Amino acid sequence: DAGVIQSPRHEVTEMGQEVTLRCKPISGHDYLFWYRQTMMRGLELLIYFNNNVPIDDSGMPEDRFSAKMPNASFSTLKIQPSEPRDSAVYFCASSFPGTADADTQYFGPGTRLTVL
Amino acid sequence: AQSVTQLGSHVSVSEGALVLLRCNYSSSVPPYLFWYVQYPNQGLQLLLKYTSAATLVKGINGFEAEFKKSETSFHLTKPSAHMSDAAEYFCAVSKASGTYKYIFGTGTRLKVLA
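From first to last, the protein sequence lines stand for chains S and E.
Here the first sequence stands for residues 1 to 116, where the numbers follow this note's numbering.
Here the second sequence stands for residues 1 to 114, where the numbers follow this note's numbering.
Hints listed in this document are in silico derivations from the structure and should not be mistaken for laboratory results.
Bear in mind the structure is a predicted one, so any value in this text is a computation, not a measurement.
Accuracy of the hints is not assured; some may be wrong.
[As the list claims (entries may be wrong)] Taking beta-carbon pairs under 8 Å as the criterion, some of the chain S residues facing chain E (in silico):
| id | residue |
| --- | --- |
| 1 | Gln105 |
| 2 | Gly108 |
| 3 | Pro109 |
[Stated by the list, open to error] In the BS3-like style, the derived pairs of lysine-lysine whose C-alpha atoms are separated by at most 27 Å in a straight line are:
| id | chain 1 | residue 1 | chain 2 | residue 2 |
| --- | --- | --- | --- | --- |
| 4 | S | Lys68 | E | Lys101 |
| 5 | E | Lys95 | E | Lys111 |
| 6 | E | Lys95 | S | Lys24 |
| 7 | S | Lys78 | E | Lys101 |
Beta carbons are placed, not taken as given, at the ideal position from N, Cα and C, and that holds for glycine.
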């Protein structure tokens with residue numbers, strides 16, 4: 001399996017622009033997680049989905065952030081409008097709790113976002 | 001509520017020396033515990049996990065961790081450090097059932113000295 005795939009790997013944009021980050025989970029995994037990593041705040045869970053349905057979005061920082069999962073193989077995290085404080089590495093992870101590998105999350109390589 | 005505390009944001013060891021990275025947790029239910037490693041500019045990779053089976057868990061790259069309920073600890077060890085072990089290490093806790101959210105510790109950056 002190719003693992004969790006994220007695109008783009010790097011994104012540089014200007015304040016006020018819309019940014020869309022993409023994630024393809026491991027095939028067959030029915031949980032998908034979006035995290036943000038910064039030096040100041042460490043790893044933060046933003047939102048997670050089960051069977052394409054958002055379960056907990058309490059970590060989404062504000063209304064500028066939105067996430068969707070239109071199907072089992074694709075999710076997006078959108079920031080509109082972007083601000084310099086959104087600069088971070090954004091990770092996507094997936095898991096399949098219905099197996100002996102329950103609870104193990106598999107992480108993608110991340111998207112490094114820089115907002116100027 | 002669950003929480004994870006990693007003591008020491010930076011740890012330095014000499015090559016060949018024992019590696020000990022500390023993790024303490026709090027949980028009102030039997031926890032699942034994880035150690036992940038993050039190499040520079042990469043995602044997180046699972047090292048090992050405890051899911052209520054054997055209390056001594058062996059993982060990849062020669063690492064192991066022991067679940068000690070009485071001490072609420074899950075420290076990560078490796079008998080002999082290698083230069084390639086230099087990375088950031090994260091401890092995480094999740095509930096045994098009902099939710100699959102992780103609570104991550106703040107991470108420990110391991111430096112290996114030649």
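Now the hints, each set against the structure:
1. Gln105: OK, holds: S/Gln105 within 8 Å of chain E, min 6 Å.
2. Gly108: holds, 5 Å
3. Pro109: holds, 5 Å
4. S/Lys68 with E/Lys101: holds, 18 Å
5. E/Lys95 with E/Lys111: Violated - the C-alpha atoms of E/Lys111 and E/Lys95 are around 31 Å apart, more than 27 Å.
6. E/Lys95 with S/Lys24: Given pair E/Lys95, S/Lys24 holds - Cα atoms ~25 Å apart, limit 27 Å.
7. S/Lys78 with E/Lys101: At roughly 21 Å apart (the allowed maximum being 27 Å), E/Lys101 and S/Lys78 satisfy the hint.
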